[in-house]
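Top line first, the protein sequences correspond to chains R and P. FYI, the numbering for the first sequence is 46 to 218, going by my numbering. FYI, the numbering for the second sequence is 17 to 481, going by my numbering.
Everything labelled a hint here was simulated from the structure, so no lab data went into it. Don't be surprised by glycine CBs; every beta carbon is placed ideally from N, CA and C. This list has only true hints and no planted wrong ones.
Computed Cβ-Cβ distance ranges for the label pairs, DEER-style:
(1) P/ILE219 - R/ALA173: 22 to 30 Å
(2) R/ALA55 - P/ASN432: 34 to 42 Å
(3) P/ARG189 - R/THR70: 45 to 53 Å
(4) P/ALA49 - R/VAL58: 16 to 24 Å
What follows is the residue order along each chain.
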Amino acid sequence: MKRAPWLVAAGAVAGFLGVLGLHKTAAPGALASGGIQPASQSSQAGQPGHAGQPTHASPRGQTPAGGTRATPTAAAPAAGATVTSVGALERYGYGELAARVSISGGRITAITVPVLRTAEQYSQQLAAQVLPTLRSEVLAAQSARISAVSGATYTSQAYALSVQAALDKAHFR
Amino acid sequence: MSASPVAFGAPKSPADRKRRPARSPATRRPHPALARLALLVAGAGLGATLAVTITSQPASQLSARGGALTYAGSLAGMIGTYLALIMVLLVSRIPFVERVAGQDGLLRLHRAIAPWPISLLAAHALFLTLGYAEAARTGVWHEAGVLLTRYPDMLTATIGLALMCLIGIISVRAVRRRLRRETWWLIHLWMYLALAISFAHVIVLGPAFVGHPLTQAVWSVAWAATAGLVLCYRFGLPVVRSLRHRLTVTEVRREGPGVVSVICSGRRLDRLAVSGGQFFCWRFLSRGLWWQSHPYSLSALPQPPYLRLTVKAVGDHSSALASIRPGTKIAIEGPYGAFTRYAQRRPRALLVAAGIGVTALRALLEDLPRGSAPVVLLRASQPADLVLSTEVRELVKHRRGTIHELVGSREEAAINEVSLPRLVPDLAHRDVYVCGPEGFVASVVDTARNLGIPDEAIHHEAFAL
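Just chain P, same shape as in the assembly:
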């Protein structure tokens, strides 16, 4: 294939504008009301779980020998399992949830909740064993043996719990750092199995379920529905999309020192709804890369049949992309991300990016309407690091906005409580979109908060390895 099949820039003339191919449809609007409803339902489930556990065990049990431990163990088990269900739902990429919260926000919440179900379930096993042992006046180990051998489905449940604890351990930062990302992720996938094999013992042995067919039915439906959602949205939809669009690498272009753009082409991209600022998880099916999946933002809105991503070489995978062969097939998951124009609350926008963060900003900018007068701040240590700046300048001019390129060291060109209001006088009427390395994003978000901008008007996407 000869040089550049397509230029991903802003149209330079009216004729040019007419010649541009039709855009992909923008992704559907997020509906915060649906997300709020989901939160209410999740809360209701928690309350209901608590209630069925309490009402199924009489208060007199607390005064029986070992009764308090048994009661506590039962409660811990029910709450822990419910939280595990929520954890699975958070990362099942249900579209109406993902559109509102964003994949990175959901992952953050997933990581934050994680210690709770694991601790509660470990406590559940411990307390019940201790409580039963005390009631029977036997040793703890003997009681554990009885539980494992005489009760139905307990062996599989114990294996499931062991798996969960293992996954918890390897996810602790100190341990996770030493593992390869793919190794960690493969072990983590076993969580689905752990939950599946633990399901039976709950229904068969739990006091809330034995003799309560309605509770059994509701619980089973909830878990079946979760499994269905996972199969559909977490695994099914990405496969369908990859097969439908058949993306392949078309060209690799150098944009700056260590930065390349990968242009991909695919079928029926007019059916792929993407909003500017969103990302995909990319799996390049070449020999060395097929087993890895990494998230990269699109650096421009799709121009069917072409997509573009722009990547900086910071790790093995991103470095390998510089020499990827055209014709390499790609499997995608997405589009994901709430870093879009739909998140905007105020009349105008301020877009701030550092280094390779400009990719998401550039795509988002293209999605902003004409006359929206955005202010764009691009931050870089050296002028050569300002990749895609020509395109950004064109797009800003087209929208009657202002652009500031802040080049230099952190001391020279900082964005802080002093410099930001000076650069953006009407900050009070703007949403702030920040994109770039984690440290940069954190500091700009802090600055914005300190200047009185409410959290709903601050949107960020941090690029982390």
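The shape of chain R in the complex, shown without the other chains:
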């Protein structure tokens, strides 16, 4: 048929743009990785830190990184300077997570995951199993350069990226 390749190409462009358009209207800003800029704070002992800057509306209309509001100043130990920063919200194929890192005396002392949303049950269970392992890896390596856990590749990658972002914010080495 004459012009057959052109017809297919035209259809492909239309289909591609159509899906992109649908995707944008359904989830604004979702394409940007780490679409939320959560507050990152440094706190000195005794200084009441402010809870953080106003955040953008997150995809799916949920308030992101609720943990940032609860200021770590209250939780931070009074003695010694502890820096806490929250990494960017990392979307991965099956969900999204943000890691929060506490650095004290030049060492990573604690990592938590205040934000974890997964698409379905399997990913939720997987994350629950895998996050402790990843946490101990980061503490042992004292960096975000860790190995992924077999069978949880996407989760591990998102965790590592979020931790790295948090470390960068806190200007950790």
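We have chain R; now place chain P onto it with these hints.
Coordinates of chain P only, in the frame set by chain R:
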């Protein structure tokens, strides 16, 4: 049964014309617009597949360890699977597509696309395994084991991929030549199973699908619809037609050296819509032949209750037809083929045939209206090879056309850029229909193209084993 129940010739007198039984209804017109729409939709599906894959994986993944391989593997998998879907649709004999493109054209396209989905899906498996292994800092084999055992539906998907690769290998020309056609075809049928068992792992594990119910729904509907079309048009309709018409062999007539006509009779052939130039896949249900299905053109329009095919003995099957017993039942698939008068673009036609190619030409000729003044070129090495020539001459005379019989060796009676314009002065106003052995058809099509005839005005059907 006594001699010739029916003569498949042109009517010799006005009285004869009146006595001819009513024709079967001609097949419905092809609608190129529908085919163009199908192409647009196929393209849109490809674009949409690309888009859902890209939007479901954040760009940050590319910088993660093993992330680029994982991304590439996911992309290869989605595109490969979509192309596999298209491959299935191409050969599912959907009527409005087949009427425009012709079964042989669709098969050519199917064969041309084939390496792509198989390579992409093999790459998909390889890249994902490598990417996951790199991210987890384990060996590739260990990671492959994890993938097979810990992830749902991966074992069946791997078996499906292995089947696909096997089918790919046996379809390579060098291997296919060594296999019997039926053996090759039976193994190839397992492709349906391979695709069916691979379906689950896509929906359950693919990032584009997990948590995206709309994408899951659209993908599932597309595959369900494809399965439905295959069941309906690829398997169902031929069975219905065979049962409805109950064709049986009535007579075998010798037409020339190594050439026989098989006259078949059936019920309700006035309901079987055929256009001149179309073919059926014939399955003669006799002991030695029931497991084979071969395409042969009708060598005349149906004269209910009779159909005729004319066959030259070039292989086992065609040779066996010379001694087929009357009363043998026949299962048919078809009618297929776009080599019909509906393909004509220009006011008049040139019909060229060599050897047994005259069969489709003879049926097509009968479909051309009176006064259409066709020019017919019949090519043969010896005069005895000009089968059905009497009928062709009658039909040409009836339509106020011209016939040239070019008998002799390839050097003596060639059809080339010099001889063709001489034989057909008004070539610029004619569609060219060519029919015969592959080499002959290729050379005449080349000649026509070199003489400036556009591709839309050239129609061919090559008879290959």
